[in-house]
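Trainee: We have chain A already, so just place chain B on it with the hints.
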Amino acid sequence: MKTSRRLLPWLVALLLPMATATADETCNSPYLANLIKGQEDYLHVWTLGVPGLGDGADKLVTVDVNPRSAKYGKVIDVVSVGGRGEAHHMGFTDDRRYLWAGRLDDSKIFVFDVGTNPAKPKLVKTIVDLPEKSGWVGPHTFYPIPGRMLIGTLSNARDHGGATGLAVYNNKGDYVASHAIPTALPGAVKADGYGYDIAVHPNKNVMLTSSFTGHKNYMMDLGKLMADPAAMKNFGNTMVVWDFKAMKPMKVLDTPGAPLEIRWSLNEGDNWAITASALTSKLWLIKQDERGEWQARDVAPIGDPAKIPLPVDISIAANGKSLWVNTFMDGKTRLFDLTNPAAPKQVYEKVTGKQVNMVSQSWDGKRVYVTSSLLANWDKKGKDDEQFLKLFSWDGKELREQWKIDFTKEGLGRAHHMKFTAKPSGVAAISGPAIADRGAPAR
Amino acid sequence: MRRRADVLLCGALACLGLAGALAAIPPRQQFTVPAPGSYRLESIQAAADGAVLESDGTAGPLRRYTTGKVTLLSFIYTYCVDPVGCPLAFQTFSDLRTRLLAKPEMARRVRFVSLSFDPTNDTPTALRHYAGNLAAPGSPLRWHFLTTRSAAELRPIVDGFGQDVSVNVDAQGRPTRFYNHLLKVFLIDARGRVREIYTTAYLMPDVIFNDIQTLLMER
Numbered sequence: 001m002k003t004s005r006r007l008l009p010w011l012v013a014l015l016l017p018m019a020t021a022t023a024d025e026t027c028n029s030p031y032l033a034n035l036i037k038g039q040e041d042y043l044h045v046w047t048l049g050v051p052g053l054g055d056g057a058d059k060l061v062t063v064d065v066n067p068r069s070a071k072y073g074k075v076i077d078v079v080s081v082g083g084r085g086e087a088h089h090m091g092f093t094d095d096r097r098y099l100w101a102g103r104l105d106d107s108k109i110f111v112f113d114v115g116t117n118p119a120k121p122k123l124v125k126t127i128v129d130l131p132e133k134s135g136w137v138g139p140h141t142f143y144p145i146p147g148r149m150l151i152g153t154l155s156n157a158r159d160h161g162g163a164t165g166l167a168v169y170n171n172k173g174d175y176v177a178s179h180a181i182p183t184a185l186p187g188a189v190k191a192d193g194y195g196y197d198i199a200v201h202p203n204k205n206v207m208l209t210s211s212f213t214g215h216k217n218y219m220m221d222l223g224k225l226m227a228d229p230a231a232m233k234n235f236g237n238t239m240v241v242w243d244f245k246a247m248k249p250m251k252v253l254d255t256p257g258a259p260l261e262i263r264w265s266l267n268e269g270d271n272w273a274i275t276a277s278a279l280t281s282k283l284w285l286i287k288q289d290e291r292g293e294w295q296a297r298d299v300a301p302i303g304d305p306a307k308i309p310l311p312v313d314i315s316i317a318a319n320g321k322s323l324w325v326n327t328f329m330d331g332k333t334r335l336f337d338l339t340n341p342a343a344p345k346q347v348y349e350k351v352t353g354k355q356v357n358m359v360s361q362s363w364d365g366k367r368v369y370v371t372s373s374l375l376a377n378w379d380k381k382g383k384d385d386e387q388f389l390k391l392f393s394w395d396g397k398e399l400r401e402q403w404k405i406d407f408t409k410e411g412l413g414r415a416h417h418m419k420f421t422a423k424p425s426g427v428a429a430i431s432g433p434a435i436a437d438r439g440a441p442a443r
Numbered sequence: 001m002r003r004r005a006d007v008l009l010c011g012a013l014a015c016l017g018l019a020g021a022l023a024a025i026p027p028r029q030q031f032t033v034p035a036p037g038s039y040r041l042e043s044i045q046a047a048a049d050g051a052v053l054e055s056d057g058t059a060g061p062l063r064r065y066t067t068g069k070v071t072l073l074s075f076i077y078t079y080c081v082d083p084v085g086c087p088l089a090f091q092t093f094s095d096l097r098t099r100l101l102a103k104p105e106m107a108r109r110v111r112f113v114s115l116s117f118d119p120t121n122d123t124p125t126a127l128r129h130y131a132g133n134l135a136a137p138g139s140p141l142r143w144h145f146l147t148t149r150s151a152a153e154l155r156p157i158v159d160g161f162g163q164d165v166s167v168n169v170d171a172q173g174r175p176t177r178f179y180n181h182l183l184k185v186f187l188i189d190a191r192g193r194v195r196e197i198y199t200t201a202y203l204m205p206d207v208i209f210n211d212i213q214t215l216l217m218e219r
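Heads up: the protein sequence lines correspond to chains A and B, in order. FYI, the numbering for the first sequence is 1 to 443, going by this note's numbering. FYI, the numbering for the second sequence is 1 to 219, going by this note's numbering.
These are computed hints drawn from the structure, not numbers from a lab. Just so it is clear, CB atoms sit at the ideal spot from N, CA and C, and this is done for glycine as well. Wrong hints could be hidden among the right ones.
Partial chain B-side listing against chain A, Cβ under 8 Å, derived [as the list claims (entries may be wrong)]:
id	residue
1	38
2	151
3	175
4	180
5	218
If we strip away everything but chain A, and leave its shape as in the complex, we get:
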């Protein structure tokens, strides 16, 4: 008993949330370290450079998003990486200490230290050998696996078409391996080799990949692209189910119309994922059937598919019961009830901008962040080319705008992908004095 009492304070401390763990968005892998579940402190926005605006370069913009801060809703840091290479998506390493950010045009990957001081991310490495090492170009999704980053790419160095693959780098930024998205796989569905997002379910040893289009298309002006029937054929129509351990494709799923972001339900025990197809404007459910076979089924339209609203990002709730969907063309943010994932129902919609792209909700579902940019050459023109980051509160009935940062007015560029971090507090690096001189008694 005496020993137990002496250890009680330690036990209590250990049962408390991790000191660095206070906020998060639901679109991170739940298998990351320190998944954070309260009020986020900072929002990082990977921003495309615009010629003549500010320094014109791609940059990581950090915004203070803690309402208790004097700088709430303000840009507090900007790290310009130089040049314009179509800044697009980001992802944390497994320990969340580093944020990897990719560019779809020049295939550069920028590694920021966000663990030491997330209020001031520091560029610590630029990876430039992706095309040379893997043969792929257009690094899109950065998905953390233990000690490594799995990178989903959009295109290839050979013809800049849609055949592509996955590249693996270790957390130090060294190339490890690559895996082609299948272009031929036995089964009823024709494999097409396209790539986009990645999502792993470790308990099932299943990885899903989705598909988009190649460099020639995503770098083309959207109006020109949509008027080119031949180019419009060059979009992926499939998802692939992989044996994650063996990194072997097992099955190709028929999901026509460029299935983009993939979200596994975050609800404990759920074994299904959902995605949205951009060109056909549908929600798809990926789930095992009674025989254990993975199947994809379109389960709901998003808006009027005939009008091509172009669903882009999705954000699933922490309990897996609802899903925010942004549609680029009509500038709407929609909420679907996923209580029955086989029959999602739209329960809310609001125009949140002239064009909207990424949507990230906080873990508690009370805050929804929206950005505006899709791709430099796909964004709208003229007065419709609004570039912003907006925060909305969600009370279960209404999205209410709390603040907006005008990225054009601020001279920043086109706001694209978002990631949350939290202020580290109450921790120190291990070092000689840090632990050698500590006051706590040894056991």
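Mentor: Then chain B, alone, in the frame of chain A:
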């Protein structure tokens, strides 16, 4: 044998008066593991090197414990009770130890290493007490409990493996006894190359056992 491993785990926690309070929480495995040798484990990075101390006080380079055999290594601290941290690593190692000891020829080609985050508390003497019979030199499967002379000697090893760790501080800014770290277990081939890394969600004994066999099948 499984019961014995559980008893050893409970014994280690009982010395802290915490047995039964915080059971390790393993991930749920809902799949059949690919057969050994049916897949390839990529070379992820070189295992870090540095100066370490064995629980009998012997000093030497870490590479002595990461080459020549297939090695399963994790960082621990002896009084960690995070159910998805060190106790889970201990439980997983104990499970694998039982499986490997059932195949002594295989066990002789494998070693386990538990390397402490806390050289101040986890001295060789403390580790010897913690390890008990698990570190018996005569076992076909050697399990080494290592520490370092100082945090300064530990730091490059931790960094080399890519193992994040920080220590909580109290209101006065003094370090406490709680380490923040993402549990990582490193599978290292006989040439000292890290071939797989398991974090909590991926730490499944069936998978690790087949991964060990996969490396042992390599020529």
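Trainee: Give me the numbers of the hints this structure contradicts, sorted from smallest to largest.
Mentor: 5
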